[in-house]
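K.L.:
First to last, the sequence lines map onto chains A and B. Numbering of the first sequence is given in the working numbering, commencing with residue 10 and proceeding in unit increments. Numbering of the second sequence is given in the working numbering, commencing with residue 57 and proceeding in unit increments.
Keep in mind that the hints are not guaranteed to be accurate.
Computed spacing ranges between beta-carbons, pair by pair [said to hold, decoys possible]:
id : chain 1 : residue 1 : chain 2 : residue 2 : range
1  : A       : Gln153    : B       : Glu127    : 34 to 44 Å
2  : B       : Lys94     : A       : Ser368    : 38 to 48 Å
3  : A       : Tyr285    : B       : Glu127    : 38 to 48 Å
4  : B       : Ser238    : A       : Phe68     : 37 to 47 Å
Keep in mind the hints are simulated off the structure, nothing from the lab. None of the values given here were measured: they were computed from a predicted structure. Glycine is no exception: its CB is placed at the ideal position from the N, C-alpha and C atoms.
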Amino acid sequence: MGRVILTDKIGIPGIRDFAVYRAHGGYSNAEKVLKEMTPADVSREVTKSGLRGRGGAGFPTGLKWSFLDRKTGKSRYLVCNADESEPGTFKDRYLMEHLPHLLIEGLIISSFALGVKTCYIYVRGEFRYIIGILKQAIDEAYRQKFLGENILGTGFSLDIFLHPGGGAYICGEETAMLESLEGKRGNPRIKPPFPAYKGLYNYPTVVNNVETLAAVVPIIGMGADAYARTGVGKSTGTKLISACGNINNPGVYEIELGLPVEDFIFSEEYCGGIKYGKRLKAVVPGGSSVPVLPAELILHTLKGEQRLMTYESLAEGGFDSGTMLGSGGFIVYDEDACMVRNTWNFTRFYRHESCGQCSPCREGTAWMEPVLRRIEQGDGKYSDIDLLVSIADKIEGNTICPFGDAAAWPVSSAIRHFRHEFEFHVEHPEIVKNMHHGSLIQYR
Amino acid sequence: MKNLIDHKLFVKENKMVEFSADTLKRIGDIILHYPGDKKKSALLPVLHIAQQELGGYLSVDIMDYVASLLEIQPIEVYEVATFYSMFHLEPVGKYVIEVCQTGPCALCGGEHILDHLKKVLGITTGKTTTDKMFTLKTVECLGACGTAPVMQINTEFYESMTTEKIDRIIEDLKNKGNQKPSETRWAELF
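Please model the complete structure; the sequences and the hints are all you need to start from.
P.N.:
Dropping the structure here:
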């Protein structure tokens with residue numbers, strides 16, 4: 010059994026209520042921080058813990074916080090990114106649904122460390138019922154004097170407001186989120202300036218993922234040193250992994266970083282193996298944007314080492330033979346899944362979600378999607394396969410936000426590892442036309 | 057120059073629209089969540105409220121009204137309403153069914169769910185039944201891939217869908233007839 014340090018309270022009946030959460034030690038870390046620590050102490054602990062952004066990029070949280078412009082004395086903002094919409098990812102939803110007060114406690118501690126008096130939680134609009142759960146928890150925290158003016162008589166004040174998205178994947182990108190919070194279209198901003206200098210309303214701003222901000226609570230609770238001792242190397246602590254696709258036990262699991270991928274997929278404690286006793290074909294381990302890997306490369310690196318659930322191990326081999334931990338949206342494909350159809354599906358997603366600002370992304374996704382569709386439908390040519398690689402290459406790195414890369418990687422990695430399936434579609438249109446009637450499942 | 061309305065992107069009804077006194081008060085509170093000169097920040101929450109309380113979709117009349125409430129130009133509302141997929145720009149049925157079609161759901165039979173709904177409702181995606189009861193739409197990842205396939209009806213989640221479940225749900229909604237659908241009010245969420 011792996012260590013559970015973030016979601017340890019999740020099974021407690023009524024834990025969504027303030028009183029129950031409090032009775033089980035909730036808010037004691039916020040209390041300790043406000044009464045006994047300085048903002049610099051907290052930031053130091055977070056840096057020392059080695060915590061890395063849990064939204065997908067894996068950027069060290071302490072370092073991100075250190076960039077925040079504190080010298081100018083301007084007001085500062087903390088924005089909690091709860092716009093979870095990376096296909097395959099549903100961990101923040103789980104955390105907010107079951108432990109809303111843990112997130113609020115994390116926001117109090119983080120806001121104190123950053124000298125922030127106003128915090129916004131940007132929740133994707135489709136999660137309306139999650140907004141309801143958070144609203145109730147925030148109201149309770151205000152009533153119990155953990156939010157508002159002069160919290161617990163310490164002189165520290167904090168307001169938390171909820172803000173709904175409107176259904177746009179791009180708003181998970183931090184500068185698009187700030188635009189959206191300002192009541193505009195979610196077009197990412199050109200960086201620099203980074204949000205740490207010019208963020209919300211041009212004031213210094215930190216944007217962190219839900220899980221990152223919640224993880225600050227156990228870091229304070231157990232101490233940065235103990236947190237840094239969990240996990241492996243630079244992948245410290247635990248991570249929520251949302252597992253889905255053709256597995257026996259889809260769901261959200263907290264794993265200690267360093268767990269072998271093979272154990273995660275096949276042990277009863279986690280995914281429980283592939284459904285209907287089929288064989289594993291491929292995995293997209295960090296949300297739809299990260300490169301897909303075939304079974305042999307997700308279980309072992311090219312060097313033959315066991316692949317671990319860490320930022321480093323999953324990236325071992327670069328994009329030739331590796332992938333990324335990303336958001337922890339772990340999508341598993343069985344032997345019958347069609348990688349061509351899956352790639353078309355993802356590309357249709359990116360085409361739909363491109364904000365349209367940068368030509369390589371807007372035009373590139375709108376070009377790749379029909380090419381993939383025609384290959385998938387048995388109307389493709391050999392040259393289409395290289396055309397796709399070429400378009401993906403020209404999108405990657407040529408846009409102002411990482412969306413372009415996110416749209417390119419699924420295509421280039423699918424062709425890199427499953428080129429034979431694309432070729433099969435070109436060579437056998439008559440078989441392909443019959444087998445794909447409306448399902449990803451029917452490739453045999 | 058042609059304007060947007062002539063392009064048929066929007067529907068103009070030439071109707072007076074107004075929120076109830078209670079909703080107006082709540083919107084006043086939401087505006088206070090943002091700095092005094094940043095009323096525009098309240099646009100997304102107010103558009104959700106408007107769509108839910110003023111007829112299910114955003115007509116030009118409604119968008120212009122929202123613009124006046126937030127003291128911004130109508131175009132600032134139009135450009136936002138067209139960007140975000142949750143806003144409907146034309147009349148929809150009483151129940152808007154949105155089926156997730158992204159990878160993880162597709163892997164677990166999401167495409168069959170959509171096919172079945174088309175058959176049961178007798179409409180294609182993007183269309184509304186003639187009795188104005190149901191609108192069928194596809195959406196991208198709803199963030200519920202562990203309980204795939206998923207769909208939403210008026211933004212309520214329906215997870216681990218099967219064709220049998222769909223038959224039951226649709227039957228149920230049909231039996232409710234003219235009853236107003238019960239759903240959380242956006243106006244009470246902030």
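K.L.:
Now, for every hint given, state plainly whether the structure supports it.
P.N.:
Hint by hint, here is what the structure shows:
no., hint, result
1, A:Gln153 with B:Glu127: 34 to 44 Å, "holds, 36 Å"
2, B:Lys94 with A:Ser368: 38 to 48 Å, "violated, 31 Å"
3, A:Tyr285 with B:Glu127: 38 to 48 Å, "violated, 59 Å"
4, B:Ser238 with A:Phe68: 37 to 47 Å, "holds, 43 Å"
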